[in-house]
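As a plain string of letters, each chain reads:
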Amino acid sequence: MHRGKGMKFVGDSRVPAERKPFVPKDYSEYPGKTEAFWPNYLLKEWMVGAVFLIGFLCLTVAHPSPLERVADPTDTGYIPLPDWYFLFLYQLLKYSFAAGPYTVIGALVIPGLAFGGLMLAPFIDRGPERRPSKRPLATGFMLLSVAAVFYLTWESVDQTDWEAKEKMGAISAVEIDKNADGYKIAEANTCLSCHGGELGGGAAAPKLTETGLSAEEIAEIAVNGKGNMPAGVFKGTDEELKVMSEYIAELK
Amino acid sequence: MLNKIYDWVDERLDIAPLWRDIADHEVPEHVNPAHHFSAFVYCFGGLTFFITVIQILSGMFLTMYYVPDIKNAWESVYYLQNEVAFGQIVRGMHHWGASLVIVMMFLHTLRVFFQGAYKKPRELNWVVGVLIFFVMLGLGLTGYLLPWDMKALFATKVTLQIVEAVPLLGPYLKILMAGDAAIVGAQTLTRFFAIHVFFLPAALFGLMAAHFIMIRRQGISGPL
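Top line first, the protein sequences correspond to chains A and B.
Sequential numbering from 1 applies to the first sequence in the numbering used here.
Sequential numbering from 1 applies to the second sequence in the numbering used here.
Please note: incorrect hints may appear among the correct ones.
[As the list claims (entries may be wrong)] The list that follows gives simulated cross-link-like pairs (lysine to aspartate or glutamate, EDC-like), each with its CA atoms no further than 20 Å apart:
| no. | chain 1 | residue 1 | chain 2 | residue 2 |
| --- | --- | --- | --- | --- |
| 1 | A | LYS94 | A | GLU155 |
| 2 | A | LYS207 | A | GLU187 |
| 3 | A | LYS167 | A | ASP83 |
| 4 | A | LYS167 | A | GLU198 |
| 5 | A | LYS25 | B | ASP24 |
| 6 | A | LYS8 | B | ASP10 |
| 7 | A | LYS33 | A | GLU45 |
| 8 | A | LYS178 | A | GLU250 |
| 9 | A | LYS20 | B | ASP14 |
| 10 | A | LYS242 | A | GLU210 |
| 11 | A | LYS20 | B | ASP21 |
| 12 | B | LYS119 | A | GLU129 |
| 13 | A | LYS20 | B | ASP7 |
| 14 | A | LYS8 | B | GLU11 |
| 15 | A | LYS25 | B | GLU29 |
| 16 | A | LYS165 | A | ASP83 |
| 17 | A | LYS94 | A | ASP83 |
| 18 | A | LYS226 | A | GLU216 |
| 19 | A | LYS235 | A | GLU246 |
| 20 | A | LYS134 | B | GLU123 |
| 21 | A | LYS33 | B | GLU29 |
| 22 | A | LYS8 | B | ASP14 |
| 23 | A | LYS94 | A | ASP161 |
| 24 | A | LYS235 | A | GLU217 |
| 25 | B | LYS71 | A | ASP72 |
| 26 | B | LYS157 | A | ASP83 |
| 27 | B | LYS157 | A | ASP72 |
In case anyone wonders, no lab produced these hints; they're calculated from the structure.
Work out the full structure: start from the sequences and follow the hints.
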């Protein structure tokens, strides 16, 4: 490279005025069948990317992304679930050694050790060997962790009632008039604490919209209970019972 | 014509070294699936990057409709999903991309781990890679709240409870994230939005740049 005196620049810039000829690098001296990234290998990558993109777009068309009903902070019956890749952490917090007074162990100590170990792997596993079979400890710990993550995720998925979950989050098409007398009576009789502020149901109670029941049947359940629901939840007058059950029967 | 434009720019800016530093490098035989099919394991890192690009582009389009406010957030997502042309596709790409990026990153991490590719001199690149993993998990966590539907709100409440369980710092961390000691509401949503759209992507770009510069400087690890 030309340096120092006599060097010419473009205008008053620092860009050299002398154009050097463009010579692509020669990879023939490299070992094996090394090839240039640009443009040979990039073309192949591009094709793999295109195939991947087609598959990906098919997935998005076949399975639209989910959206549950709008957040209702008053609905205490809703059982939350994180995204699938956090399920293993969520499941860990269900075990008695990692829950309640020991939440710190499940939320901080175990994940901290695991992810800390992952981050510091090059400083723990320092030997020159690279083959997995020559590093039994590193390989063993990683296989154990991966197995634990898969197991916990599996358990979490297995223990979740996906149908009930879908119902709890479903967008209700029924407009609920919260100023109606029937709604206020239901609220006064603690119906909403189980059946939800939007009457969409919860973990222990079905939704009250689109029940398909007649007003008389609803009145009967409100007084005598059904399934999990104990008798005597409704404490109002017969007149109020009539208004409320008619209101609920009309929700469709 | 294109050549003339290129020469015109190159004469003034000397751009050849810039793009050749990025694009002109060798691909060794052992990472090339065209020569050894088993080398497909080397694709996971590139696919992670590809999906990240999809996430950035689809996310940019989503913010054209999304409103980070508890009254309108869900409505805007519902509108995007059901009324806007291709809105369902764009949101679907962002939703499924978020899952796929985790899968690809997981596979990439396993490939690097089991090949012992993180050993000297590549320790720093491994650490940066694990940090990228954390940032991605953070992006997934904050993005989950944004549609403001039932699972978003209640899953975030659980997350904040877990954060609160951290000894000493817990309550302060919770207030930092949620904006209030007790309420998960408007403040939480705007904070998660800012974290998801500005803070974590900024961290991600910096870390990815470091990741790629280190790969270019050291070259890809040799065959086992």
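Now for the hints, and whether the structure bears them out:
Taken as a hint, the LYS94/A and GLU155/A pair is honoured in the structure, with Cα atoms around 11 Å apart against an allowance of 20 Å. For the hint pairing LYS207/A with GLU187/A, the CA-to-CA distance comes to about 14 Å; that is within 20 Å, so the pair holds. Between LYS167/A and ASP83/A the alpha-carbon distance is near 18 Å, which keeps this suggested pair within the 20 Å criterion. The straight-line distance between the Cα atoms of LYS167/A and GLU198/A is roughly 13 Å, inside the 20 Å bound, and the hint therefore holds.
Between the alpha carbons of LYS25/A and ASP24/B the distance comes to roughly 8 Å, so the proposed pair stays at or under 20 Å and holds. Using a Cα cut-off of 20 Å, the hinted pair LYS8/A and ASP10/B holds, with the two alpha carbons roughly 16 Å apart. For a cut-off of 20 Å, the pair hint linking LYS33/A to GLU45/A stands: about 17 Å separates their Cα positions. Restraint check: the Cα-Cα separation between LYS178/A and GLU250/A comes to about 14 Å, which is no more than 20 Å; the hinted pair holds.
With a CA separation close to 10 Å, the supplied pair LYS20/A and ASP14/B stays within the 20 Å bound. With a C-alpha separation of about 18 Å, the suggested pair LYS242/A and GLU210/A falls inside the 20 Å cut-off, and the hint holds. Between LYS20/A and ASP21/B the alpha-carbon distance is near 16 Å, which keeps this suggested pair within the 20 Å criterion. The hinted pair formed by LYS119/B and GLU129/A meets the criterion: a straight-line CA distance of about 9 Å does not exceed 20 Å.
Using a Cα cut-off of 20 Å, the hinted pair LYS20/A and ASP7/B holds, with the two alpha carbons roughly 12 Å apart. Our distance criterion of 20 Å between C-alpha atoms is met by LYS8/A and GLU11/B, whose separation comes to about 13 Å. About 17 Å separates the Cα atoms of LYS25/A and GLU29/B, which keeps this hinted pair within 20 Å; it holds. Restraint check for LYS165/A and ASP83/A: the C-alpha separation of about 13 Å stays at or below 20 Å, so the hint holds.
Of the pairs offered as hints, the one joining LYS94/A and ASP83/A holds, with about 16 Å between alpha carbons and a cut-off of 20 Å not exceeded. For a cut-off of 20 Å, the pair hint linking LYS226/A to GLU216/A stands: about 14 Å separates their Cα positions. Straight-line distance between C-alpha atoms of LYS235/A and GLU246/A comes to about 17 Å, which keeps the hinted pair within the 20 Å bound. At roughly 19 Å between alpha-carbon atoms, LYS134/A and GLU123/B fall within 20 Å of each other, so this suggested pair holds.
With a CA separation close to 5 Å, the supplied pair LYS33/A and GLU29/B stays within the 20 Å bound. Restraint check for LYS8/A and ASP14/B: the C-alpha separation of about 14 Å stays at or below 20 Å, so the hint holds. The suggested pairing of LYS94/A with ASP161/A holds, with an alpha-carbon distance near 16 Å, which does not exceed 20 Å. With a C-alpha separation of about 17 Å, the suggested pair LYS235/A and GLU217/A falls inside the 20 Å cut-off, and the hint holds.
The hinted pair formed by LYS71/B and ASP72/A meets the criterion: a straight-line CA distance of about 11 Å does not exceed 20 Å. A C-alpha spacing of about 14 Å is found between LYS157/B and ASP83/A, which places the hinted pair at or below 20 Å, so the restraint holds. With a C-alpha separation of about 12 Å, the suggested pair LYS157/B and ASP72/A falls inside the 20 Å cut-off, and the hint holds.
Checked against the numbered hints listed earlier, the structure breaks none of them; every hint is satisfied.
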